[in-house]
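**Student:** Just need the whole structure built from these sequences, with the hints factored in.
What follows is the residue order along each chain.
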Amino acid sequence: MRSAHLRAATVLGPLVVTALLAAGCSSSAATAPAGDGSIAVDAGDSTCGVAQTVIAAGRHTFTITNTASQVTEVYVYAAGDRVVGEVENVGPSTTRTLIVDLPAGDYQVACKPGMIGNGNRTALTVTGTPAPTGTADQNLQAAVDSYRAYVETEAQALLHTTTTLATTITSGDLAAARQAYPTARLHYERIEPIAESFGDLDPLIDMRIDDAGPGTPFVGFHAVEQILFQKNTLDGAAPLADALVANVGKLDALVKTVQLTPLVMGNGAKSLLDEVAKSKVTGEEERYSRIDLVDFAGNVDGAKHVFTALRPALQANNSQLPTTLDQRFTALVELLGTHQAKPGAPGFVPGSPYVSYDALTPADVKALAVEVDALSEPLGQISGAVTGR
Amino acid sequence: MTDTSSTDRAPVVPPTSEPPPALPETPRATRVSRRRMIGLIGGAAAVGGAAGAGITYAATPGASAGAASAGQAVAFFGDHQAGIATPAQDRLHFAAFDIGPAATRADLVALLTAWTNAAARMTAGLDVGTGAVAGNPAVPPDDTGEAFGLAPSRLTLTVGFGPGLFTDANGRDRFGLAAARPPQLAELPAFPGDALDPARSGGDLCIQACADDPQVAVHAIRNLARLARGTASVRYSQLGFGRTSSTSTEQATPRNLMGFKDGTANLKAEDTAALDAQVWVGAGDGPAWMSGGSYLVTRRIRMLIEPWDSTSLTEQERVIGRSKGSGGPLGASNEFDPLDLQAQDATGRPVIDAKAHVRLAHPSTNRGATLLRRGYSFVDGTDELGRLDAGLFFMAYQRDPRAQFVTIQTTLAGKFNDALNEYIQHVGSGVFACPPGVAPGGHWGQALLA
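Keeping their order, the protein sequence lines are chains A and B. Position 132 of the first sequence, counting from 1, maps to 132 under my numbering, and the rest follow consecutively. Position 55 of the second sequence, counting from 1, maps to 55 under my numbering, and the rest follow consecutively.
Worth flagging that the hints you see were computed from the coordinates, not collected in a lab. All values derive from a computational prediction rather than experimental measurement. Every residue gets a Cβ at the ideal spot worked out from N, C-alpha and C, and that includes glycine. Incorrect hints may appear among the rest.
Facing chain A, a subset of chain B residues (Cβ under 10 Å, in silico) [to be verified]:
hint, residue
1, 138
2, 226
3, 230
**Tutor:** Below is the structure:
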């Protein structure tokens with residue numbers, strides 16, 4: 001069991017998070033609990049089971065298993081709901097790892113099925129000598145490792161869900177194809193800046209009809225989208241879907257070779273928010289399916305992950321920036337959450353957790369744009385904070 | 001004259017000696033400092049207006065007598081905010097802001113502090129923060145850069161607080177300020193003929209940016225809006241050009257988009273007694289934090305340009321009550337000739353029509369109320385019918401909107417009143433409390449939020 005968890009940590013990459021900068025801290029990490037601190041967290045629909053609730057100060061690994069019926073996220077909060085560490089987008093029946101440096105104090109572990117609200121909470125008491133914090137280089141390396149694992153995981157999920165989309169098309173099931181489309185889009189949008197670093201691959205996957213022209217046929221996700229949602233048919237979709245799967249497969253292979261640095265990550269996060277401001281808030285991107293809020297959420301997820309991975313480095317450099325980013329990410333994610341829709345609700349789109357863009361009022365769109373702009377300013381500071389040392 | 005509140009004075013009452021009865025007397029002591037303030041902000045005019053009064057000029061380099069010449073700096077710090085009695089600049093960018101749902105009182109103080117610091121720099125011709133190119137290249141520049149190398153251009157930045165800052169639309173006292181709301185800051189009543197667009201009306205905060213260079217004014221609003229992100233967002237903004245009022249005796253009277261001289265009888269910066277009586281909030285008028293401030297009413301007034309253009313000169317002049325050429329009152333020959341509202345022609349009809357704009361806007365028709373008008377023309381392209389989306393962005397400063405703007409607009413509004421209403425429509429509206437000026441080291445609204 002433990003080895004399985006450790007393997008998961010290796011595959012997904014550790015999220016090392018420093019709770020606070022303890023001045024004059026000792027390096028007596030020997031107080032860590034047995035087994036190098038693998039603490040199981042059972043994130044259920046109405047529970048948040050933590051295997052050990054009194055632990056010694058030091059570095060701890062939480063192994064989070066989503067036993068809920070929907071996607072979940074798990075936070076470790078210090079007093080006042082200050083975020084110490086988090087993992088998001090943990091699918092049902094999957095396991096993720098969270099590594100946190102915890103000094104003595106009172107904490108709460110919050111499991112948030114559906115990734116909304118305050119979540120189900122379990123108190124966590126940490127005793128003993130404060131944990132050592134990583135050096136600047138260690139913090140940055142851990143951030144890069146964590147983000148690389150995220151990008152590779154998302155690329156795999158993209159390949160998997162795009163293959164599902166193609167399979168439903170081949171099998172002649174239009175409704176299933178339309179329902180499969182939003183999920184694949186979500187995974188693409190989370191890592192869009194990485195895909196864009198591979199030159200021609202991004203246009204082949206994500207071009208709009210306006211980008212097509214003589215010698216440049218309209219291909220990729222949006223060509224499939226147009227057939228499924230505007231022409232309301234499967235005719236002609238299969239060859240496009242197969243080509244899309246091939247290109248996504250290339251992307252999945254290439255992301256393993258990408259050179260990731262904190263600067264690339266910081267710029268990528270800003271680029272994701274710029275994408276939101278340019279083509280999601282405006283409803284430009286998903287013009288046939290109207291699932292722009294799925295793309296919106298994907299971009300925000302991707303940017304949030306960069307921030308989460310870089311949090312220890314940012315906390316070491318700039319005490320205000322992480323706080324501001326936490327506030328603005330929270331405000332945006334909560335606002336986005338108000339536009340979730342269940343089957344049967346007005347504006348519901350099968351396969352999408354969010355309402356159709358057409359269901360948004362002008363006031364809704366403006367409120368979203370205001371929060372995007374508000375987040376964009378501090379997000380633009382990340383690159384400086386991680387390179388300005 | 002689409003301004004709805006022309007302030008042509010009665011011929012027999014010298015404007016500087018008789019404050020209208022509707023407003024309380026201003027304490028003598030504050031007049032001295034106000035006169036001094038004219039020196040701070042009024043440029044050359046102050047020399048004549050307060051000669052021998054021991055004027056102290058602002059410490060800011062370049063912000064001295066003579067600052068009225070285009071390109072120079074107008075002092076930011078002082079007893080009153082600049083941009084009110086300052087001789088009107090040529091260009092406007094006005095912005096109204098909504099405060100975000102999560103913002104706290106501390107956020108509000110932080111915003112006003114950041115705005116004040118940036119405004120003090122920009123009005124002096126400096127860039128925001130570490131500037132456009134001098135900061136860490138790995139982060140976005142503090143200043144957006146489009147005013148880099150441009151002169152101060154007499155930029156003034158004037159802040160105002162809307163009713164929503166004190167009590168929001170749901171009646172909540174979000175920032176613990178409800179008790180500090182001045183009674184003068186009442187929502188304007190609905191006037192007959194109003195066609196107000198909510199998206200172009202109201203606002204929790206406003207900033208008036210005036211400059212002789214439009215790029216300087218736009219730069220200021222753009223950078224202040226950027227600083228506000230996360231706390232407040234732009235609700236609407238309005239560009240304006242061609243000041244439609246002169247606010248100094250040194251300025252020639254401009255023409256508005258109807259082709260008439262506008263602001264002939266406006267309050268002038270040199271007329272300090274009238275400013276004290278009609279513009280600056282007195283010490284006993286209401287909450288102490290507004291003492292030395294002023295109330296701003298804004299109205300986006302659409303002109304129905306095409307019908308107006310196809311109206312005869314005689315009819316245009318009848319509607320306004322002035323000669324289109326000279327700007328003088330009908331029946332007189334020169335622009336500054338007094339308005340004779342009693343004059344009749346040979347047939348016994350009034351020379352100035354009973355519904356003429358100048359008659360109904362006149363102080364004698366409005367219990368002595370006048371306004372310091374500071375409006376600008378706007379042309380926002382054309383509408384979907386191909387007609388000019390043009391008119392007057394009316395802005396008027398006053399001591400009490402209830403006694404002044406509301407009185408005047410009540411006289412003017414409606415199809416049975418001002419003849420001009422056939423050619424104009426009020427499509428946006430706002431009312432703001434503009435606090436007094438800022439001392440070095442302080443921030444806008446400090447006395448309110450202390």
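**Student:** Next step is simple, just say for each hint if it's right about the structure.
**Tutor:** Each hint, compared with the structure:
no. : hint : result
1   : 138  : holds, 4 Å
2   : 226  : holds, 7 Å
3   : 230  : holds, 4 Å
Hint check: no violations occur; every hint is consistent with the structure.
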